[in-house]
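Numbers 39 to 250, taken from the working numbering, label the letters of the sequence shown in order.
I should point out that these hints are in silico values taken from the structure, not numbers from a laboratory.
Ideal Cβ placement from N, Cα and C applies to all residues, glycine included.
Treat the hints with care, since some could be wrong.
[Said to hold, decoys possible] Label pairs and their calculated CB-CB ranges:
| id | residue 1 | residue 2 | range |
| --- | --- | --- | --- |
| 1 | Asn61 | Ala172 | 44 to 52 Å |
| 2 | Asp212 | Arg39 | 39 to 47 Å |
| 3 | Ala172 | Asn81 | 48 to 56 Å |
| 4 | Arg39 | Arg219 | 17 to 25 Å |
| 5 | Ile59 | Pro245 | 26 to 34 Å |
| 6 | Thr149 | Val55 | 51 to 59 Å |
| 7 | Arg39 | Gly133 | 42 to 50 Å |
| 8 | Asn229 | Ala138 | 24 to 32 Å |
[As the list claims (entries may be wrong)] As a list, the in silico DSBU-like pairs of lysine-lysine whose alpha-carbon atoms are at most 30 Å apart:
| id | residue 1 | residue 2 |
| --- | --- | --- |
| 9 | Lys41 | Lys225 |
| 10 | Lys225 | Lys66 |
| 11 | Lys164 | Lys66 |
| 12 | Lys152 | Lys214 |
| 13 | Lys140 | Lys214 |
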Amino acid sequence: RYKSVPYFQDLRDSGMVEENIDNYTALKIQKDDVLAITVSSLNAEASAIFNMGNTSSNQGNSSGNLNPTMTANGFMVDQNGTIQLPLVGSIKVDGLTTIAAKELIQSKLTTFLKEPVVSLRLINFKVSILGDVAKPGVYPVQNERVSVTEALSMAGDLTITAVRNNVLLVRENDGKRQYIRLDLHKKDLFNSPYYYLQNNDVIYVQPSNAKY
Numbered sequence: 039r040y041k042s043v044p045y046f047q048d049l050r051d052s053g054m055v056e057e058n059i060d061n062y063t064a065l066k067i068q069k070d071d072v073l074a075i076t077v078s079s080l081n082a083e084a085s086a087i088f089n090m091g092n093t094s095s096n097q098g099n100s101s102g103n104l105n106p107t108m109t110a111n112g113f114m115v116d117q118n119g120t121i122q123l124p125l126v127g128s129i130k131v132d133g134l135t136t137i138a139a140k141e142l143i144q145s146k147l148t149t150f151l152k153e154p155v156v157s158l159r160l161i162n163f164k165v166s167i168l169g170d171v172a173k174p175g176v177y178p179v180q181n182e183r184v185s186v187t188e189a190l191s192m193a194g195d196l197t198i199t200a201v202r203n204n205v206l207l208v209r210e211n212d213g214k215r216q217y218i219r220l221d222l223h224k225k226d227l228f229n230s231p232y233y234y235l236q237n238n239d240v241i242y243v244q245p246s247n248a249k250y
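All chains, please: the whole structure from these sequences, using the hints.
Here it is in structure tokens:
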């Protein structure tokens with residue numbers, strides 16, 4: 039039936055509707071996240087040791103990683119929720135936003151550097167989309183803010199036979215797995231606390247009987 043196809047059916051179909059955006063929560067760092075950390079200061083040579091976890095600084099380094107949490111692209115958050123920064127040692131970043139983690143690292147670097155400036159970003163942010171969509175797959179996210187509708191657009195949108203009022207979001211958080219049902223027929227999706235996705239979220243779109 040066509041009436042099951044359109045999205046956001048309870049949204050007024052004429053004129054403008056305006057509402058505040060108050061359901062966005064800043065992305066928080068989790069275990070197994072990979073952080074690209076770049077440090078600069080008034081002494082470029084002294085800052086260089088803190089940048090050896092980045093690809094550009096690690097090229098030509100045949101000695102390999104300096105510590106277990108340092109990867110070819112950045113610093114991996116271990117199972118204790120910490121990263122190991124050269125000279126500084128263990129820093130707990132699990133549960134912090136990237137802004138809070140950057141400020142924490144910057145404060146610890148003042149012992150070793152004069153006027154340090156830290157740049158930090160999450161580089162393994164990805165979402166998985168499967169089921170009745172045009173292009174299922176794992177999609178990397180270049181920034182820290184991606185919504186359900188944006189993710190489904192990356193996958194080429196739902197097919198005509200997809201079930202739009204029972205989309206499943208699977209999320210792992212604090213050692214627990216959550217299963218959340220989303221209804222694309224209703225505009226309340228935009229105000230849902232699950233509208234904005236987190237790292238490693240999985241979206242499953244169920245096919246309808248028509249698909250079978």
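A quick look at each hint next to the structure:
no. : hint                        : result
1   : Asn61 x Ala172: 44 to 52 Å  : 27 Å, violated
2   : Asp212 x Arg39: 39 to 47 Å  : 41 Å, holds
3   : Ala172 x Asn81: 48 to 56 Å  : 52 Å, holds
4   : Arg39 x Arg219: 17 to 25 Å  : 21 Å, holds
5   : Ile59 x Pro245: 26 to 34 Å  : 32 Å, holds
6   : Thr149 x Val55: 51 to 59 Å  : 53 Å, holds
7   : Arg39 x Gly133: 42 to 50 Å  : 45 Å, holds
8   : Asn229 x Ala138: 24 to 32 Å : 26 Å, holds
9   : Lys41 x Lys225              : 15 Å, holds
10  : Lys225 x Lys66              : 26 Å, holds
11  : Lys164 x Lys66              : 14 Å, holds
12  : Lys152 x Lys214             : 42 Å, violated
13  : Lys140 x Lys214             : 27 Å, holds
In this structure, the hints that do not hold are numbers 1, 12, in rising order.
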